[in-house]
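Engineer: Sequence:
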Amino acid sequence: MEKTKAVGLILGIIGFIIPLMIQIPGLSLAGHLAMSIFILAAIFWMFETIPIYSTSILVIFLEVILLSAEGLISHTDASYSPVAYTQFVATLADPIIILFLGGFVLADAAVKYNFDRNMSRILLKPFGTDPKYIILGLMAVTAVLSAFMSNTATTAMMITVIIPILAKTDISDPARISIALCIPFAANIGGVATPIGTPPNAVVIAALNQQGVGIEFGSWMLYAMPLAIVMLIVAWYLLLKLHPPATSTLNLDLKGEWMKNRKAYTLYIVFALTVILWISESLHGIRSSIVALFPVAVLTLTNTFEKEDIRKLPWEVLWLIAGGISLGIAMKETGLADWVIGSIAWDQMGYLLLLSLFGVVAIVLSNFLSNTVTASLMIPLGISLATSGIIEGPASILIIGLVIALSTSFAMVLPISTPPNAIAVSTGVVKTKDMIVAGSLIGAVAMILIILMTRFYWPYIL
58 MEKTKAVGLI
68 LGIIGFIIPL
78 MIQIPGLSLA
88 GHLAMSIFIL
98 AAIFWMFETI
108 PIYSTSILVI
118 FLEVILLSAE
128 GLISHTDASY
138 SPVAYTQFVA
148 TLADPIIILF
158 LGGFVLADAA
168 VKYNFDRNMS
178 RILLKPFGTD
188 PKYIILGLMA
198 VTAVLSAFMS
208 NTATTAMMIT
218 VIIPILAKTD
228 ISDPARISIA
238 LCIPFAANIG
248 GVATPIGTPP
258 NAVVIAALNQ
268 QGVGIEFGSW
278 MLYAMPLAIV
288 MLIVAWYLLL
298 KLHPPATSTL
308 NLDLKGEWMK
318 NRKAYTLYIV
328 FALTVILWIS
338 ESLHGIRSSI
348 VALFPVAVLT
358 LTNTFEKEDI
368 RKLPWEVLWL
378 IAGGISLGIA
388 MKETGLADWV
398 IGSIAWDQMG
408 YLLLLSLFGV
418 VAIVLSNFLS
428 NTVTASLMIP
438 LGISLATSGI
448 IEGPASILII
458 GLVIALSTSF
468 AMVLPISTPP
478 NAIAVSTGVV
488 KTKDMIVAGS
498 LIGAVAMILI
508 ILMTRFYWPY
518 IL
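According to the working numbering, the residues represented by the sequence shown are 58 to 519, in order.
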């Protein structure tokens, strides 16, 4: 691991220097600097030379000192008007950051007061004792929870639910693999359903907001939830085909008790009201990012969410998202994105071919990189293609954003592809080859469905 980081450090420094040593026709000094920052970020993210959130912080820092009007370099090129440093730093207060902050507070409070476990217990009861339907129930519960909570937190919680189930199944029963794999797969799939389900959604929505394309909470669900539902069923079917249960009955001992105190009741009410307000945004007109401040304010004011809880929030994820947004701003403002567009014969490719290319690259990269990192790298280019008119079609800017965001979430081939996959492997039940086979099939089906949606679904509802 240390050798990998050392290689990443060397390659990152070289990648940063090279664009500054050559003169690229049609690209300003600011464009060269933006390219240097982009290459450095891509390599550091890929090799995890430093923590990925640290790379995002470095991106913002370099943009401020090298590209802003208040920075160290005087940009005299007429093709670039330096932007205020606040434009790069302000990404930390982007509406999508606030939206995710509200989601994190709700999720952590749910864990603190056992709300998530009790919901799991209630939702699993209707699925009976047949292992096939127990697996479906586990996937449904996991997907629902991961739509509003961190995929990683949901998986960690649900793994504790399946451990007693695994203990009741025979060691030779193939269903043990299905039970262990169904949790991370469902968490990954469920995350696509809402804007707060997974960070790539936030990256794409924030980038689209920069272009004046706002997406309501309920609208995103309309775009993505049908795919999530279909893929949940597909994943369930594939897992049962690959690892069918050896028995027809499996008795579950589902016990639990709701916490009954003022703080717990406060959480229950706030959670319900927040979700209702998010889903009904088109009716009342209050933006989802503003609604997200409601749980943050109420839960902290009532001391339901305390100082220690605030310190435990995944602040590094917010930094990571902010860095991705800032990178997109730099590419756009310096003309780097336009230069990339002009240097490749994109116009020789058809509409569906281009969208397919972006989808395939996104899903392949996300199997080896963080899906948030992949979305951060690809969305600036995708938006540039759409705004330049090279990608044509109804609401092309929104569609290419959806393709990138959703494709990254279906990368689940390896244990390193997503944290939920890694957690599942830690059970000792799942082998890497099992994950590769099932994950590859699910990813392939998802990719086909996403491309079909670009042609037969999204153009008609946008």
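Simulated from the structure, these hints should not be mistaken for lab results. A couple of the hints might just be wrong.
[What the hints assert, rightly or not] Listed below are the simulated PhoX-like cross-link pairs for lysine-lysine, each with C-alpha atoms no more than 20 Å apart in a straight line:
(1) K189 x K225
(2) K369 x K320
(3) K169 x K298
(4) K488 x K298
(5) K317 x K169
(6) K490 x K169
(7) K225 x K182
(8) K298 x K189
(9) K364 x K169
(10) K389 x K320
(11) K60 x K298
Engineer: Each hint should be assessed against the structure and marked as holding or not.
Structural biologist: Tested hints:
1. K189 x K225: Given pair K189, K225 holds - Cα atoms ~15 Å apart, limit 20 Å.
2. K369 x K320: holds (19 Å)
3. K169 x K298: Cα-Cα ~37 Å, so violated.
4. K488 x K298: With a Cα-Cα distance of about 17 Å, the restraint between K488 and K298 holds, given a limit of 20 Å.
5. K317 x K169: Status holds; Cα separation ~13 Å.
6. K490 x K169: violated (36 Å)
7. K225 x K182: holds (17 Å)
8. K298 x K189: Roughly 11 Å separates the two Cα atoms, so the pair holds.
9. K364 x K169: It holds: about 13 Å lies between the C-alpha atoms, which stays within 20 Å.
10. K389 x K320: Violated, at roughly 46 Å.
11. K60 x K298: The hint is violated at about 41 Å.
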